[in-house]
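Asker: What follows is each chain in one-letter form.
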Amino acid sequence: MLRNTIILLFLPLISWGQKDTVQRISEVIVSEAIYIPKSTKSILTQKDIDELSANDVGELIQKISGANLKSYGSLGGLKTVSMRGLGTNHSSIVKDGFSILNSQTGQVNLGQIEVDNVVGIISSIGKRFKNSLPISAQVSGSNFLIKTFENTFTSDTLQVRANVKYASFNQQLAYLGVKYSPNRWLLSAFGRMRKSDGAYPYLLKNGSTFINSNRRNNAYQDYSFGATLGYRFKKGFWRLMYRNSSINQELPGAVIFYNATQDETLLTSKQSLSSDFQSFLRFLEYRFYADVNSGQLNYKDPTFLNSTGKIDAKYDNRSVTGGVTFSAKLNNNLILNGGVEEVISDLFSNDSTFAKPVRFHNFGLLGASYVLKKKLKIEVQVSSQYVQEKNNNGLSGKDRFRINPFISLETISKKKQRWKHQLWYRNSFRMPSFNELYYNNIGNNLLEPEDAHQFNYGLSVVPVQKKIEIYIRSNVYFNHVANKIVAIPTKNLFVWSMQNVGLVNIYGFEAILQVKWTLAKNWKLTSNANYSYQRTIDVTDANTPTYLHQIAYIPLHTVNFDFSVYYKTAGLRMSNYFVSKRYSLNENIVQNEIEGFLISDLSIFHTFKIAKKNQLKIQFSVKNIFNQQYAYIRNFVMPGRNYLLSLSYAFN
Amino acid sequence: MRLISWLSITAIMLILSSCKKDKPEQDVVSATLSNGMLVLCEGLFQQNNSTVSWVNLANSTVANNLFENRVGRQLGDTGNDIQRYGNKIYIVVNASSTIEVLDATTFQSIQQIDMVNGSVAKQPRSIVFNGSNAYVSCYDGFVDVIDTSTLLVTQRIQVGANPEGMAIANNKLYVANSGGLNFPNVDSTLSVIDLSTSTELAKIAIGKNPSSVITDLQGEIYVINRGDYAAVPSSISRIDTQNDVVISTLAINATHITSMNSNFIIANYDYNTSASNVLLFDPLNETVINPNFISTAGITTLYGVQYDSFRNKIYIMDAMSFTNTGYINLFNSTGSPIEKFHVGLNPNKIIFYD
Numbered sequence: 251m252l253r254n255t256i257i258l259l260f261l262p263l264i265s266w267g268q269k270d271t272v273q274r275i276s277e278v279i280v281s282e283a284i285y286i287p288k289s290t291k292s293i294l295t296q297k298d299i300d301e302l303s304a305n306d307v308g309e310l311i312q313k314i315s316g317a318n319l320k321s322y323g324s325l326g327g328l329k330t331v332s333m334r335g336l337g338t339n340h341s342s343i344v345k346d347g348f349s350i351l352n353s354q355t356g357q358v359n360l361g362q363i364e365v366d367n368v369v370g371i372i373s374s375i376g377k378r379f380k381n382s383l384p385i386s387a388q389v390s391g392s393n394f395l396i397k398t399f400e401n402t403f404t405s406d407t408l409q410v411r412a413n414v415k416y417a418s419f420n421q422q423l424a425y426l427g428v429k430y431s432p433n434r435w436l437l438s439a440f441g442r443m444r445k446s447d448g449a450y451p452y453l454l455k456n457g458s459t460f461i462n463s464n465r466r467n468n469a470y471q472d473y474s475f476g477a478t479l480g481y482r483f484k485k486g487f488w489r490l491m492y493r494n495s496s497i498n499q500e501l502p503g504a505v506i507f508y509n510a511t512q513d514e515t516l517l518t519s520k521q522s523l524s525s526d527f528q529s530f531l532r533f534l535e536y537r538f539y540a541d542v543n544s545g546q547l548n549y550k551d552p553t554f555l556n557s558t559g560k561i562d563a564k565y566d567n568r569s570v571t572g573g574v575t576f577s578a579k580l581n582n583n584l585i586l587n588g589g590v591e592e593v594i595s596d597l598f599s600n601d602s603t604f605a606k607p608v609r610f611h612n613f614g615l616l617g618a619s620y621v622l623k624k625k626l627k628i629e630v631q632v633s634s635q636y637v638q639e640k641n642n643n644g645l646s647g648k649d650r651f652r653i654n655p656f657i658s659l660e661t662i663s664k665k666k667q668r669w670k671h672q673l674w675y676r677n678s679f680r681m682p683s684f685n686e687l688y689y690n691n692i693g694n695n696l697l698e699p700e701d702a703h704q705f706n707y708g709l710s711v712v713p714v715q716k717k718i719e720i721y722i723r724s725n726v727y728f729n730h731v732a733n734k735i736v737a738i739p740t741k742n743l744f745v746w747s748m749q750n751v752g753l754v755n756i757y758g759f760e761a762i763l764q765v766k767w768t769l770a771k772n773w774k775l776t777s778n779a780n781y782s783y784q785r786t787i788d789v790t791d792a793n794t795p796t797y798l799h800q801i802a803y804i805p806l807h808t809v810n811f812d813f814s815v816y817y818k819t820a821g822l823r824m825s826n827y828f829v830s831k832r833y834s835l836n837e838n839i840v841q842n843e844i845e846g847f848l849i850s851d852l853s854i855f856h857t858f859k860i861a862k863k864n865q866l867k868i869q870f871s872v873k874n875i876f877n878q879q880y881a882y883i884r885n886f887v888m889p890g891r892n893y894l895l896s897l898s899y900a901f902n
Numbered sequence: 055m056r057l058i059s060w061l062s063i064t065a066i067m068l069i070l071s072s073c074k075k076d077k078p079e080q081d082v083v084s085a086t087l088s089n090g091m092l093v094l095c096e097g098l099f100q101q102n103n104s105t106v107s108w109v110n111l112a113n114s115t116v117a118n119n120l121f122e123n124r125v126g127r128q129l130g131d132t133g134n135d136i137q138r139y140g141n142k143i144y145i146v147v148n149a150s151s152t153i154e155v156l157d158a159t160t161f162q163s164i165q166q167i168d169m170v171n172g173s174v175a176k177q178p179r180s181i182v183f184n185g186s187n188a189y190v191s192c193y194d195g196f197v198d199v200i201d202t203s204t205l206l207v208t209q210r211i212q213v214g215a216n217p218e219g220m221a222i223a224n225n226k227l228y229v230a231n232s233g234g235l236n237f238p239n240v241d242s243t244l245s246v247i248d249l250s251t252s253t254e255l256a257k258i259a260i261g262k263n264p265s266s267v268i269t270d271l272q273g274e275i276y277v278i279n280r281g282d283y284a285a286v287p288s289s290i291s292r293i294d295t296q297n298d299v300v301i302s303t304l305a306i307n308a309t310h311i312t313s314m315n316s317n318f319i320i321a322n323y324d325y326n327t328s329a330s331n332v333l334l335f336d337p338l339n340e341t342v343i344n345p346n347f348i349s350t351a352g353i354t355t356l357y358g359v360q361y362d363s364f365r366n367k368i369y370i371m372d373a374m375s376f377t378n379t380g381y382i383n384l385f386n387s388t389g390s391p392i393e394k395f396h397v398g399l400n401p402n403k404i405i406f407y408d
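First to last, the protein sequences are chains A and B.
Numbering-wise, my numbering comes out as the position in the first sequence, counting from 1, plus 250.
Numbering-wise, my numbering comes out as the position in the second sequence, counting from 1, plus 54.
Just so you know, these hints were derived from the structure itself, not from any lab.
Computed from a predicted structure; not experimentally measured.
Ideal Cβ placement from N, Cα and C applies to all residues, glycine included.
Heads up, some of the hints might be wrong.
Stated by the list, open to error - Computed spacing ranges between beta-carbons, pair by pair: (1) 876/A - 89/B: 44 to 54 Å; (2) 645/A - 342/B: 34 to 44 Å; (3) 327/B - 645/A: 11 to 21 Å; (4) 396/B - 696/A: 48 to 58 Å; (5) 634/A - 259/B: 49 to 59 Å; (6) 88/B - 791/A: 35 to 45 Å; (7) 443/A - 259/B: 53 to 63 Å; (8) 466/A - 251/B: 52 to 62 Å; (9) 696/A - 89/B: 30 to 40 Å; (10) 126/B - 475/A: 50 to 60 Å; (11) 343/B - 645/A: 33 to 43 Å; (12) 89/B - 645/A: 32 to 42 Å.
What the hints assert, rightly or not - Only pairs whose alpha carbons sit at most 25 Å apart, straight line, appear in this in silico DMTMM-like list of lysine to aspartate or glutamate: (13) 394/B - 408/B; (14) 455/A - 122/B; (15) 560/A - 122/B; (16) 367/B - 408/B; (17) 560/A - 340/B; (18) 606/A - 649/A; (19) 734/A - 701/A; (20) 648/A - 601/A; (21) 862/A - 406/A; (22) 297/A - 601/A; (23) 734/A - 843/A; (24) 831/A - 157/B; (25) 262/B - 596/A; (26) 734/A - 601/A; (27) 640/A - 719/A; (28) 564/A - 629/A; (29) 394/B - 649/A; (30) 257/B - 270/B; (31) 455/A - 408/B; (32) 560/A - 719/A; (33) 394/B - 168/B; (34) 606/A - 282/B; (35) 367/B - 270/B; (36) 415/A - 364/A.
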């Protein structure tokens with residue numbers, strides 16, 4: 251029951267919002283966008299993504315400043331991200347222009363978002379990257395935008411991407427994507443599979459002894475396929491996308507001392523159909539978007555000690571989304587933007603005691619952006635959300651209506667003046683998930699939404715732009731989370747309860763340094779480094795032992811330091827990721843400490859031109875080269891040194 | 055560029071070196087245990103952080119990592135019960151599915167008993183003793199019989215679903231079948247086992263979700279029925295052990311029960327309101343002697359109560375909302391507070407040493 255509960259609380263069931271973004275995002279990514287001074291945006295380019303040879307989007311997102319990854323394992327392990335100390339549910343993940351939703355857990359499992367077809371990832375915190383993003387994403391605390399190969403328009407008639415990988419622990423991957431663009435049409439399809447036996451060795455400290463064993467019950471297998479049809483107008487486009495994926499995995503759970511009997515499994519499948527139409531007129535841009543998602547989750551524990559001797563729990567989570575966004579340029583100084591969106595989601599379970607919730611979630615947004623004397627850009631937005639809850643098997647959550655503001659002041663750089671200041675405030679909230687509201691006796695239908703207030707001052711500067719290009723960015727911020735939803739475990743294994751009891755203050759600082767240096771002819775060196783400080787403290791009650799203590803699993807310091815050297819079409823990338831010690835519970839005592847770690851990966855790669863427009867790339871990576879034994883989450887051990895060989899082919 | 059790289063590397067090294075490695079706690083407890091108490095701290099599921107604290111009652115000091123310091127490895131995940139029998143200490147570790155047997159004087163390990171049945175963890179919950187046997191209730195629906203000299207499981211007696219507390223009266227073992235893992239369709243029976251033949255004689259129907267079982271001086275059995283934490287409140291069933299029938303059901307809300315001489319101390323923690331209450335009950339006359347025997351002001355999460363016959367004192371365990379390290383609150387026999395000790399995570403059982 252508790253294991254089941256934990257799975258349900260934390261294992262997201264993603265409704266694949268597997269669709270598009272806007273053409274211009276790709277242009278920005280492909281170009282030298284990293285040198286545009288924007289104080290609240292981070293970008294991973296196609297080059298970064300290739301060179302990092304990550305297993306999934308989660309491993310990529312941890313390279314973004316301010317993002318804290320919680321990873322419960324390597325391939326297939328649950329991975330969630332929280333941005334700037336706000337909970338996971340405050341971040342929205344947008345893939346190709348559509349929000350990935352999961353109303354059951356409210357969290358997206360980044361470990362299930364494949365990386366082979368991803369051509370760019372952008373994170374935005376304050377000001378949103380595009381006015382055409384789904385309104386639900388524009389009003390959330392922060393965004394991660396993912397863009398894929400299949401769903402972007404191209405000027406080439408035919409493009410092909412193929413990739414095979416073989417890695418330690420018998421990990422195998424194959425991917426093929428084909429994009430055909432006759433005239434103004436886009437026709438693309440992809441298929442992909444991967445598997446791994448997951449039995450990686452680990453060393454775990456147990457008092458003054460060590461457990462030297464292999465990860466058990468950790469096999470993983472998935473496949474996905476999809477197709478896209480698109481049409482480009484003179485000033486706009488239309489797309490229709492279908493996607494299907496299925497995952498069959500064993501759940502290793504935490505390493506429990508002296509007990510190696512874990513045998514739970516999880517089957518996940520998802521289907522989605524989505525479509526959008528976008529028009530770019532001279533003074534008006536607008537976008538209509540709609541999608542239908544269905545996800546099934548089947549958790550099995552074949553040896554559970556109840557009367558039937560097993561758990562076979564099935565959950566179906568569906569959602570329908572429709573929305574429109576617009577952006578109108580009234581004059582050279584004033585732009586209005588806004589939109590509305592409606593999301594209807596529900597959940598069914600084969601457990602007769604479980605709730606049958608339906609949620610109607612309406613979003614509205616109206617904003618204005620005004621340029622004052624060509625020096626200062628002022629943006630104001632007001633969003634509204636109306637949420638209706640209906641539970642067809644028990645008590646319903648309350649209906650809610652909220653209004654949330656966003657305000658931003660940003661200096662405008664002149665050509666020679668490469669300094670930029672930005673000041674903004676965002677107020678947002680996240681809804682309690684269906685599990686938090688209704689999951690048997692854990693759920694609490696009286697829960698209020700969890701509120702977040704973010705204040706940010708950012709400075710970015712591009713000091714030199716000759717042979718050596720440097721870009722420096724820094725932010726200081728203060729966030730406050732109120733009505734934080736906290737699970738309160740109780741005496742026996744059956745009674746947990748969700749309560750709005752938490753107050754959290756977050757004092758943050760981040761610095762980002764990007765350098766690009768042309769050393770000599772054919773030689774180039776780039777470096778990306780970021781440092782993030784997050785003092786995330788519990789300020790709920792001065793009479794509790796955790797008052798002013800760092801919140802569990804949020805590190806005080808996070809450092810990314812990557813550098814790459816290129817010679818012609820060959821290169822090398824060293825990637826380093828450091829997080830300082832964390833606590834497994836909110837009480838900051840030695841017993842709850844989890845050691846910090848520094849993980850270094852090394853990749854070497856070479857691209858061959860085998861014929862005109864035909865490229866072959868071979869890449870070899872050593873991950874965790876110093877064979878660190880580490881864990882993000884207590885007792886969820888991560889793999890030591892491991893190897894990956896990748897061969898990829900591209901036409902156009 | 056080189057400067058930048060070096061600066062970054064230096065920054066990383068600085069941060070790395072600034073994270074202190076936790077030093078193992080020194081074993082400051084005397085080699086032979088006396089004049090104190092062993093406190094089992096359950097920890098939290100999946101954290102492998104169950105511990106044993108030693109409270110020195112001579113100087114009121116606490117050592118929070120006695121098991122690891124003496125045995126060299128950790129206790130494991132979710133320690134549910136600790137008992138002394140003869141000169142051995144038995145610790146029942148539920149999620150790790152082990153029973154740790156230690157020397158009661160030196161607290162050195164004698165044996166770790168693996169409680170796994172094929173590929174299924176038995177998940178032991180509590181332990182009682184009779185003659186040369188230990189009886190361990192296991193969540194897989196059995197009571198395991200362990201020979202206390204060989205420390206081998208000699209027999210498995212099938213009972214109801216997810217057995218919890220046990221007590222012995224009239225040469226019979228009474229086992230509360232909670233059925234907790236079938237929640238909300240919990241069990242509501244008490245298995246009666248003949249200790250001579252090790253066979254189940256009967257299942258007595260009692261209240262919903264039974265947990266703790268205790269016997270009074272006249273050989274009657276009392277069982278806490280936890281109810282469903284909602285519409286069905288907790289209650290106490292009283293059993294006649296001659297005829298194995300329910301004599302009465304007492305409408306007393308209870309989560310914990312313990313003996314104090316001929317009386318019972320009955321404590322209740324309300325999960326919904328976090329309120330708690332401790333009363334003094336006379337089981338020989340079935341009367342409440344004092345409905346507010348001990349003031350629970352200052353106790354956040356009442357998690358257990360025990361009586362120390364060596365010192366004539368009462369100890370209340372506070373689990374501090376279950377995610378913070380707990381306290382043992384010490385009271386005199388009339389219920390007045392004396393002092394409190396800061397122990398490990400979720401303290402749930404105490405063994406007293408004179």
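Asker: Does each hint fit the structure? Answer for all of them.
Answerer: Outcome of the hint check:
1. One distance hint, 44 to 54 Å for the beta-carbon pair residue 876/A and residue 89/B, holds here, with the actual separation near 49 Å.
2. Distance hint check: the CB atoms of residue 645/A and residue 342/B are about 35 Å apart, consistent with the given range 34 to 44 Å.
3. The beta-carbon spacing between residue 327/B and residue 645/A, approximately 19 Å, falls within the hinted interval of 11 to 21 Å.
4. For residue 396/B and residue 696/A, the Cβ-Cβ distance of about 34 Å falls outside the hinted range of 48 to 58 Å, so the restraint is violated.
5. Judged by the Cβ atoms, the range 49 to 59 Å given for residue 634/A and residue 259/B holds: they are separated by roughly 56 Å.
6. For the hinted restraint 35 to 45 Å between residue 88/B and residue 791/A, the CB-CB distance of approximately 39 Å keeps it satisfied.
7. For the hinted restraint 53 to 63 Å between residue 443/A and residue 259/B, the CB-CB distance of approximately 55 Å keeps it satisfied.
8. For residue 466/A and residue 251/B, the hinted distance range of 52 to 62 Å is not satisfied, since their beta carbons lie about 40 Å from each other.
9. Evaluation of the 30 to 40 Å hint for residue 696/A and residue 89/B yields a failure: the beta carbon distance comes to about 49 Å.
10. Judged by the Cβ atoms, the range 50 to 60 Å given for residue 126/B and residue 475/A holds: they are separated by roughly 53 Å.
11. In this structure, residue 343/B and residue 645/A meet the distance hint of 33 to 43 Å, their C-beta atoms being roughly 41 Å apart.
12. Between residue 89/B and residue 645/A the beta carbons are some 54 Å apart, a value that contradicts the proposed interval 32 to 42 Å.
13. Taking the CA atoms of residue 394/B and residue 408/B, the gap is about 19 Å. The hint holds against a cut of 25 Å.
14. For the hint pairing residue 455/A with residue 122/B, the CA-to-CA distance comes to about 12 Å; that is within 25 Å, so the pair holds.
15. In summary, the hint linking residue 560/A to residue 122/B is not supported, as the alpha carbons are separated by about 34 Å, beyond the 25 Å threshold.
16. Only pairs whose Cα atoms come within 25 Å are accepted, and residue 367/B paired with residue 408/B is accepted, the gap being roughly 12 Å.
17. Distance restraint check for residue 560/A and residue 340/B: the Cα-Cα separation of roughly 42 Å exceeds the 25 Å cut-off, and the hinted pair is therefore not satisfied.
18. Simply put, residue 606/A and residue 649/A have alpha-carbon atoms about 16 Å apart, close enough for the 25 Å limit, and the pair holds.
19. Proposed proximity of residue 734/A and residue 701/A is supported: the alpha carbons are some 7 Å apart, at most 25 Å.
20. Using a Cα cut-off of 25 Å, the hinted pair residue 648/A and residue 601/A holds, with the two alpha carbons roughly 23 Å apart.
21. Note on residue 862/A and residue 406/A: the hinted pairing holds, with a Cα-Cα distance of about 14 Å set against a maximum of 25 Å.
22. Proximity of residue 297/A to residue 601/A is assessed by CA-CA distance (about 46 Å); at most 25 Å being required, the pair is judged violated.
23. At most 25 Å may separate the alpha-carbon atoms for a hinted pair to count; residue 734/A and residue 843/A meet this at roughly 23 Å.
24. For the suggested pair residue 831/A and residue 157/B, the alpha carbons sit about 36 Å apart, so the restraint of at most 25 Å is broken.
25. For the suggested pair residue 262/B and residue 596/A, the alpha carbons sit about 33 Å apart, so the restraint of at most 25 Å is broken.
26. Proximity of residue 734/A to residue 601/A is assessed by CA-CA distance (about 28 Å); at most 25 Å being required, the pair is judged violated.
27. For the hint linking residue 640/A to residue 719/A, the alpha-carbon distance of about 56 Å lies beyond 25 Å, and the restraint is violated.
28. This hinted pair does not check out: residue 564/A and residue 629/A have alpha carbons roughly 45 Å apart, beyond 25 Å.
29. Annotation: proposed proximity of residue 394/B to residue 649/A is violated, straight-line Cα distance about 46 Å (limit 25 Å).
30. Restraint check for residue 257/B and residue 270/B: the C-alpha separation of about 20 Å stays at or below 25 Å, so the hint holds.
31. The suggested pairing of residue 455/A with residue 408/B is violated, with an alpha-carbon distance near 35 Å, which exceeds 25 Å.
32. About 60 Å separates the Cα atoms of residue 560/A and residue 719/A, which puts this hinted pair outside 25 Å; it is violated.
33. Distance check on the hinted pair: residue 394/B and residue 168/B sit about 35 Å apart at the alpha-carbon level, beyond 25 Å; violated.
34. Distance restraint check for residue 606/A and residue 282/B: the Cα-Cα separation of roughly 22 Å lies within the 25 Å cut-off, and the hinted pair is therefore satisfied.
35. For the given pair, residue 367/B sits about 19 Å from residue 270/B by alpha-carbon distance, which is consistent with the 25 Å threshold.
36. Restraint check for residue 415/A and residue 364/A: the C-alpha separation of about 13 Å stays at or below 25 Å, so the hint holds.
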